[in-house]
Amino acid sequence: MTARAETWLWIVQRATAAVLAVAVLVHLATIVYAVRTGLSAAAVLARTQGNPWWLGFYLVFALAAALHAGVGLRTILREMTPWRGPSLDSAAACASLFLLVAGWRAAIGLFA
Amino acid sequence: MSGTIEVAVWRGGVDGSLRPYEVPEQDSQTVLDVVTYIQRQLDPTLSYRFACRVGMCGSCAMTVNGVARWTCRTHVRKVLRRGKLELRPLANLPVIRDLVTDMTAFFEKWTRAKGAFVPAADAPKDFAAVRPDTPERRAASAGIECIGCGVCYASCDVVAWNPDYLGPAALNRAWTLVTDLRDAGNRERLAAIAGDAGCHACHSHRSCVERCPKSLDPTGSIAGLKRATARALLRGEL
Amino acid sequence: MSWRARNHPSYWAFLLHRVSGLLLAVFLPFHFWALSTAITGTARLDAFLDWTRQPLVTVAEAGLVVLLAAHLTGGLRLLALEFLAWPSWQKSAVGISAGISLAVGLLFLLNAL
Chain A
807 MTARAETWLW IVQRATAAVL AVAVLVHLAT IVYAVRTGLS AAAVLARTQG
857 NPWWLGFYLV FALAAALHAG VGLRTILREM TPWRGPSLDS AAACASLFLL
907 VAGWRAAIGL FA
Chain B
201 MSGTIEVAVW RGGVDGSLRP YEVPEQDSQT VLDVVTYIQR QLDPTLSYRF
251 ACRVGMCGSC AMTVNGVARW TCRTHVRKVL RRGKLELRPL ANLPVIRDLV
301 TDMTAFFEKW TRAKGAFVPA ADAPKDFAAV RPDTPERRAA SAGIECIGCG
351 VCYASCDVVA WNPDYLGPAA LNRAWTLVTD LRDAGNRERL AAIAGDAGCH
401 ACHSHRSCVE RCPKSLDPTG SIAGLKRATA RALLRGEL
Chain C
189 MSWRARNHPS YWAFLLHRVS GLLLAVFLPF HFWALSTAIT GTARLDAFLD
239 WTRQPLVTVA EAGLVVLLAA HLTGGLRLLA LEFLAWPSWQ KSAVGISAGI
289 SLAVGLLFLL NAL
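Residue numbers (the working numbering), protein chains in the order written: chain A, 807 to 918; chain B, 201 to 438; chain C, 189 to 301.
These aren't lab readings, by the way, just hints derived from the structure by calculation. We treat Cβ as the ideally placed atom computed from N, Cα and C, and that holds for glycine. There may be inaccurate statements among the hints.
Calculated Cβ distances over 10 Å to all of chain B for the following chain A residues [stated by the list, open to error]:
{"id": "1", "residue": "Met807"}
{"id": "2", "residue": "Ala809"}
{"id": "3", "residue": "Trp814"}
{"id": "4", "residue": "Met886"}
{"id": "5", "residue": "Trp889"}
{"id": "6", "residue": "Ala901"}
If you want a taste of the chain B side facing chain C, the calculated C-beta under 7 Å gives, among others [stated by the list, open to error]:
{"id": "7", "residue": "Glu388"}
{"id": "8", "residue": "His403"}
{"id": "9", "residue": "Ser404"}
{"id": "10", "residue": "Lys426"}
With the rest of the complex left out, here is chain A (with noise of 0.2 Å):
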């Protein structure tokens, strides 16, 4: 990767980092409110089912995981094994798209 493409990637951390920074206080207190007010299913559903807010935050949520968790994970393995090049950075896009698509399909699946 060139030296400007890693600096796109410091980037991409940073932008979804902050994203994610509101996203997950939002996440932690609606964490808080619904073991307070009893999780189930029926309950989840009840916030989530046919509500286009939730579903808009939370496909904006898990798009920002998948791109950070994959960046995050790149620089890990990166750091603290030996491999390192094309390959994985192949890789570590396979795991940000494999995020993406599990985290949507659930966002989805819980808005339809």
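Using the hints, position chains B and C against chain A.
Using the frame of chain A, we list chains B and C on its own:
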């Protein structure tokens, strides 16, 4: 208080071992005093570096009980562990012999980071007006006291994990030039210090800040480089 | 260099941030899978939620909440370090981060048990 200190000193190159010596304890003794005593009184074959002996040159840097320090500015009583001292050469650098490391890679990275002043193409008409109280000059002044001793480099885990990483000293030096309004080489310099081998590999462990004998802040300088490269990239200048 | 050289607050903050990030990244696929069971109706999700009500799982969940809060607060500290350049309160920022993380974890645990 008088007694003896048990000192284990690395002898050899990459392959070698710790050899034990007994050194008489004295008041206000520095680790450099201990090494000098060993070489002069016990074992003249010991190799080590020093120059000024008074904390100005950085030549005497070594690993003392696991931590990189200037031995002339380290009092034995402050670092003794159960009456023992363990002396090894600086980490993250090839060992030439005993306590002496090869600093070539350290300074070569300084060059690779474009840590040299680049004057503007045409000769200036007058002195550059550099106000000392601007944020840019304050940032530059905060980093220029580096004497290239290598303690930060030896203390950095990213240097240990990533052999290409330019390291805290080279990047700190690059930063002092990036914020110098007289310097004209930033286009090439920012390109040289960006990426996995450059400023973006720093994870702000701050071991360099902890250990720097001149209380410099390479982590802060590297953060400045991160901002500068991001700005340049977004403006299409990287 | 040894662990003595690494024994300072900013390094512990780094370790916590890296470990929490890695564990959260490993946890995330399971989290998405569990939620996606809702696609086939409430039965499978309810069964999964029942499973999580075991004390050990609840404690593990509280652990995950602490990891999430720790990664968040540690990340905010890093963003401040990189963008705001305030070096002098670094150590207190580590302490504040740790405190908030534990508080959030406790809040979860108290409500969930």
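Consistency of the hints with the structure:
no., hint, in the structure
1, Met807, "violated (7 Å)"
2, Ala809, "violated (3 Å)"
3, Trp814, "violated (7 Å)"
4, Met886, "violated (7 Å)"
5, Trp889, "holds (13 Å)"
6, Ala901, "holds (18 Å)"
7, Glu388, "violated (23 Å)"
8, His403, "holds (6 Å)"
9, Ser404, "holds (6 Å)"
10, Lys426, "holds (6 Å)"
In summary, the numbered hints that this structure violates are 1, 2, 3, 4, 7.
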